[in-house]
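S.K.: Please build the complex by placing chain B on the supplied structure of chain A, with the hints as guidance.
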Amino acid sequence: MSVAELKERHIAATATVNALRERLKQKRTLLLDTDGSSSCYSHFAGYARSQGRTPVSFGPTDLVCCRILQGHTGKVYSLDWTPEKNRIVSASQDGRLIVWNALTSQKTHAIKLPCAWVMTCAFSPNGQSVACGGLDSVCSIFNLNSPVDKDGNLPVSRMLSGHKGYVSSCQYVPDEDTHLITSSGDQTCVLWDVTTGQRLSVFGGEFPSGHTADVLSVSINGSNSKMFVSGSCDATARLWDTRIASRAVRTFHGHEGDVNTVKFFPDGQRFGTGSGDGTCRLFDMRTGHQLQVYHQQHAAADGEVPHVTSIAFSISGRLLFAAYSNNDCYVWDTLVAKVVLNLRSLQNSHEGRITCLGLSADGSALCTGSWDKNLKIWAFGGDRREI
Amino acid sequence: MAAVSAAVSDCSPSFPSLTPPCPKAPPDYPDLYGKRRELLKVQVLEREIGFLQEELKSVEDLQPASRGCKEVHDFVMPNPDPFIPRGLKTRRSHGFWNWLCGKCCFNCSWLCCFGGCSLHLEKTSCCNCRASVKWQGCCCLKKKSCQHCCILPALACTDCHPCNGCTSCCTGCKKVCHCSNCTKACCNPCHLCC
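From first to last, the protein sequence lines are chains A and B. Numbering-wise (UniProt numbering), the first sequence opens with residue 1 and increments by one. Numbering-wise (UniProt numbering), the second sequence opens with residue 1 and increments by one.
Hints were generated in silico from the structure; no laboratory data involved. Incorrect hints may have been included.
Said to hold, decoys possible - Only pairs whose alpha carbons sit at most 25 Å apart, straight line, appear in this in silico BS3-like list of lysine-lysine: (1) B:K57 to A:K27; (2) A:K7 to B:K41; (3) A:K25 to B:K70; (4) A:K164 to B:K41; (5) B:K35 to A:K25; (6) B:K35 to A:K27; (7) A:K150 to A:K112; (8) B:K70 to A:K338.
Excised from the complex, chain A in its bound form (with noise of 0.2 Å):
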């Protein structure tokens, strides 16, 4: 077959699959049944309006910033509790892995890392551990209980290496010390022996097929640790199963620009986004709905949307955190889809753009990162009524 004729061959195929998504388009719209709307924001908010619900009420200090850790010198870009005990790890600008204290604070390790361009840190389940990468394309594994070396540096113990392009995400597999995922903008995915620094397996990638743009951010499913979420700038978020490697189980259209972050949902059957289009949306991983689209006008002078750069979502999931590019930081009420809160309103709100999010381990803290060099921690500082 000659050229001409692949070329009118991948012409012919592309119409095909524009019109198959298109008809999948119209009959996941047809399922949309929850309160017979067509627009596509009021679905799940429908069904919580009918049930009664009505917004969670916040006071004026019933959200308060308990402590602001200071002693970065550039802006956090990522930031990870432990699982079991109150620390931080964070990343930034200006080089370095801190790892805080929460309670107290107080630093524990400032970790000076080889490749000052990083972008992602995360904690290992044992607390002994942190990885981190960046424009290296690495992924570069420290133990806290190493000794430094002689300038007083803590040495990495692995490199992970085998991307093509920037490591933009990392996690560990839960109660998994030796398995970590990573996200690249090669455009693929990878499960990592960390014990060995082996690549387990590729998700994506030229052939398999996979995102067609740079993976920005990964989730692992909490109830069941074979399954992750990612999210790339090819505005789609796919959902793996580590055991098949060779296609994703399924891929989630919507929205309308980069997906920049996505976290599973507590009840691991669901799954949140956020999106250079401004929007979060609410996607169920089995069926593949979209059960929710969150989005509101910022007050924007230039009259641009503000996008989405991280989310994370409260411990019982009725709480939806969403920091945007403009420094808002909504608290949405995933019931019915309302902001019930903005926590650059807040006292000691961040002054700059808050680019990474987290809830502590037991739901009762929120620490923000920011463009500012501070983290913060936010918890619930108002009354509870008796019955």
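M.R.: Okay, now just chain B, sitting in the frame of chain A:
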């Protein structure tokens, strides 16, 4: 000599100039790399067509979105959430209280404890709550019934890292221990300062 003469005589405008030699065009090799790349793109698309056709079939058997919405609603509603103000019976504290009211060297005067106290705190009768100690962790003045007050015990500071290696820290280095009664000189790793 004849050649030189011929060359000299070539300078005269009456003789046609020789065409300069030009390289031959390369032979038409097949663009194998381009063909393989195009074939790969087609194969990926045809594979995607297969996946989409499978998904179209499976959509026929899918439950409607309302079932998923109900599942989320039924999951969320009964689950307590540390961030949500809601009516609760008085009960023992859980991780949330341990976190906020636990080992903390700060003056947590803005914290109000209500309901139960964490295991680390002492309960006291609100009759002992004086106005002067209103903001030292005793929240009884906020409560009408004044039944449950907690006070934060005085806790020792955690150990600070030794500063033996601090020989060349910047003058702007802030070595602050956040405990009000801590006497330690250096409470942060020194290499953070410079």
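S.K.: For each hint, tell me whether it holds in the structure or not.
M.R.: Verification of the hints:
1. B:K57 to A:K27: Roughly 10 Å separates the two Cα atoms, so the pair holds.
2. A:K7 to B:K41: The hint holds at about 9 Å.
3. A:K25 to B:K70: At roughly 22 Å apart (the allowed maximum being 25 Å), K70 of chain B and K25 of chain A satisfy the hint.
4. A:K164 to B:K41: holds, 20 Å
5. B:K35 to A:K25: Given pair K35 of chain B, K25 of chain A is violated - Cα atoms ~33 Å apart, limit 25 Å.
6. B:K35 to A:K27: violated, 37 Å
7. A:K150 to A:K112: holds, 13 Å
8. B:K70 to A:K338: Distance ~18 Å between K70 of chain B and K338 of chain A Cα, so the pair holds.
In summary, the numbered hints that this structure violates are 5 and 6.
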